[in-house]
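J.: For chain P, the structure is supplied; the task is to place chain W on it using the hints.
Spelled out from the first residue to the last, the chains are:
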Amino acid sequence: MSTLEIAAKPTRIQSERASTALSLGLVTTYLTLIVALPIAALVFESTNAGARGFWEVVSSPESMAALKLTLGTSVAVALINGVMGTVTAWVLVRDSFRGKALVNAVIDLPFALPTIVAGLTLLALYGPQSPIGINVAFTKVAIVLAMLFVTMPFVVRTVQPVLLELDEEMEQAAKSLGATELQTFRRVVLPNVLPGILSGVALAFAKAVGEFGSLVIITGNLPYKTQVSSVFIFSRIESGDRSGAAAVAVVLLAISFGLLLLIGAIRHYATRHDRD
Amino acid sequence: MTVTDLARRLGLRGLAFFYLAAILLGPLLVVFYRTFEHGFGAAWAALSTAETVNAFKLTLIITAIAVPLNTVFGIACALAIVRRRFPGKGLVNAFVDLPLALSPVVVGLALFLLYGRDGWFGFLGDHGIQVLFSLPAMVIATIFVSLPFVAREVVPTLREIGDEQEQAARTLGASPWQTFRRITLPAIRWAVIYGVILTAARCLGEYGAVAVVSGRLQGETETATLRVEERYESFDLAGAYAISIVLALIAVLVLVAMTVIRPKEEAV
Numbered sequence: 001m002s003t004l005e006i007a008a009k010p011t012r013i014q015s016e017r018a019s020t021a022l023s024l025g026l027v028t029t030y031l032t033l034i035v036a037l038p039i040a041a042l043v044f045e046s047t048n049a050g051a052r053g054f055w056e057v058v059s060s061p062e063s064m065a066a067l068k069l070t071l072g073t074s075v076a077v078a079l080i081n082g083v084m085g086t087v088t089a090w091v092l093v094r095d096s097f098r099g100k101a102l103v104n105a106v107i108d109l110p111f112a113l114p115t116i117v118a119g120l121t122l123l124a125l126y127g128p129q130s131p132i133g134i135n136v137a138f139t140k141v142a143i144v145l146a147m148l149f150v151t152m153p154f155v156v157r158t159v160q161p162v163l164l165e166l167d168e169e170m171e172q173a174a175k176s177l178g179a180t181e182l183q184t185f186r187r188v189v190l191p192n193v194l195p196g197i198l199s200g201v202a203l204a205f206a207k208a209v210g211e212f213g214s215l216v217i218i219t220g221n222l223p224y225k226t227q228v229s230s231v232f233i234f235s236r237i238e239s240g241d242r243s244g245a246a247a248v249a250v251v252l253l254a255i256s257f258g259l260l261l262l263i264g265a266i267r268h269y270a271t272r273h274d275r276d
Numbered sequence: 001m002t003v004t005d006l007a008r009r010l011g012l013r014g015l016a017f018f019y020l021a022a023i024l025l026g027p028l029l030v031v032f033y034r035t036f037e038h039g040f041g042a043a044w045a046a047l048s049t050a051e052t053v054n055a056f057k058l059t060l061i062i063t064a065i066a067v068p069l070n071t072v073f074g075i076a077c078a079l080a081i082v083r084r085r086f087p088g089k090g091l092v093n094a095f096v097d098l099p100l101a102l103s104p105v106v107v108g109l110a111l112f113l114l115y116g117r118d119g120w121f122g123f124l125g126d127h128g129i130q131v132l133f134s135l136p137a138m139v140i141a142t143i144f145v146s147l148p149f150v151a152r153e154v155v156p157t158l159r160e161i162g163d164e165q166e167q168a169a170r171t172l173g174a175s176p177w178q179t180f181r182r183i184t185l186p187a188i189r190w191a192v193i194y195g196v197i198l199t200a201a202r203c204l205g206e207y208g209a210v211a212v213v214s215g216r217l218q219g220e221t222e223t224a225t226l227r228v229e230e231r232y233e234s235f236d237l238a239g240a241y242a243i244s245i246v247l248a249l250i251a252v253l254v255l256v257a258m259t260v261i262r263p264k265e266e267a268v
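Chains P and W, in that order, are what the protein sequence lines are. For the first sequence, the numbering used here gives the first residue as 1, with consecutive numbering after it. For the second sequence, the numbering used here gives the first residue as 1, with consecutive numbering after it.
One chain only, chain P, in its complex shape:
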């Protein structure tokens, strides 16, 4: 560090200000160009036809059917993965068996595997050429399966760290005081892991609502039957109906923003004891 200049105080403060301004400028410019401007253009396009035009597009039978299907399947998927994710996290933290590290690594597969490949692989096992004789291609079950695949890691990865930190002594104390297994889980474990489960469920729900790649192949895109909102938007773009696509896209955007706010609130609540 001998080359370090012992800089005079004013220049140090100047260089500090310059670097702050530079990095903040870089961050905001990048975010504006990549995220904020496109989002603004989307919202602007959706308002072109006015509030009435917007509502007409969103409330059209085809759009409403797609929205209902999307929200319905996403709720089911978030609930299933809420339970299965918690079970898996529990097994990974409290159970011990050979190959646990491998199982732990496999959980992240949906983060690493392209969604279009996920759809294709699900179709290979649960499609017309299924080796086990289960064919759910082009049905609602296929939508749920694909959404389960892509949202699998969220609950596991939000519950796992909480369980790791949870003191087993609390549970032992509860049991020694005569609590049953179920009571211990409900009164001691659940209150601690609930914020983790909820934020994982909210993330899974958000991901499920917007999912596209894994659904393209496996659902067959049948309007009123298996067409979810993201696929509906895509088909509107392809047929040149930009304002129609934009209106439904803004609905999905609002759902995403709402869920992010919810997740932020859950995190805020969960860390209330850690903050000063």
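For the record, the hints were derived by calculation from the structure and aren't laboratory data. Positions of the beta carbon are idealized from the N, C-alpha and C atoms, including for glycine. One should not assume that every hint holds.
As the list claims (entries may be wrong) - Selected chain P positions facing chain W (in silico; Cβ < 8 Å):
(1) Leu79
(2) Val91
(3) Ile237
As the list claims (entries may be wrong) - Covered stretches of chain P (chain W as the covering partner; in silico rule of three or more C-beta atoms under 8 Å from a C-beta of chain W):
(4) 144-155
(5) 198-209
T.: Frame of chain P; chain W shown alone:
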């Protein structure tokens, strides 16, 4: 351990294993089997067509541009969120997280509208700068969807290490850049690498946003993931499977890298 304890433990373990096998591993194994059931040669023939090779090249080019940009941005953004106070910080936070919760199709549509002929940036086309249906739009779409990963990995690590060492360096006369390079960067490097792996995986696998803005011209704006869908639509299941297997092998490499790096990151 009592008998009921053991039964419950095995029951939960069995349930978790069954679920993982049914949803994650089973489907992948079937595709592995189907790809190679007619021998390695058939799969190789499907992979070595000019269009498929081009598609992989394009995917690599896009990833090679998007990952470094998002890495620099992610580090700068994490530093701003954790170390600085500025007006609009909440907004920055919200916009950084948005790509995690937003549908890729909505992302693609937003870019489509911004850079389209009637869009605010449509004038670029009048000056001969083709954005939509060519590489620039595909790169921007990929940057958008893979934006949060580095920042989200680095933020908690920055919070954990605190800023005492940085302040000490500053008091001893180090410039902001020196402090960053010698103190901050070494402390967050595993988080950065972990974030880079996640970013790269997301870039390689992006489908929806790129599908909207690429125009899907074969041999020109077709990435590996778009090629999978195109092969499937053309009833070339063997071709679709072969490309999928390559992408799945990359995913396995990503998982291995994640597993190797994670303990180090947690040890910080």
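J.: Would you list, in rising numerical order, the hints stated earlier that this structure does not obey?
T.: The structure breaks only hint 1.
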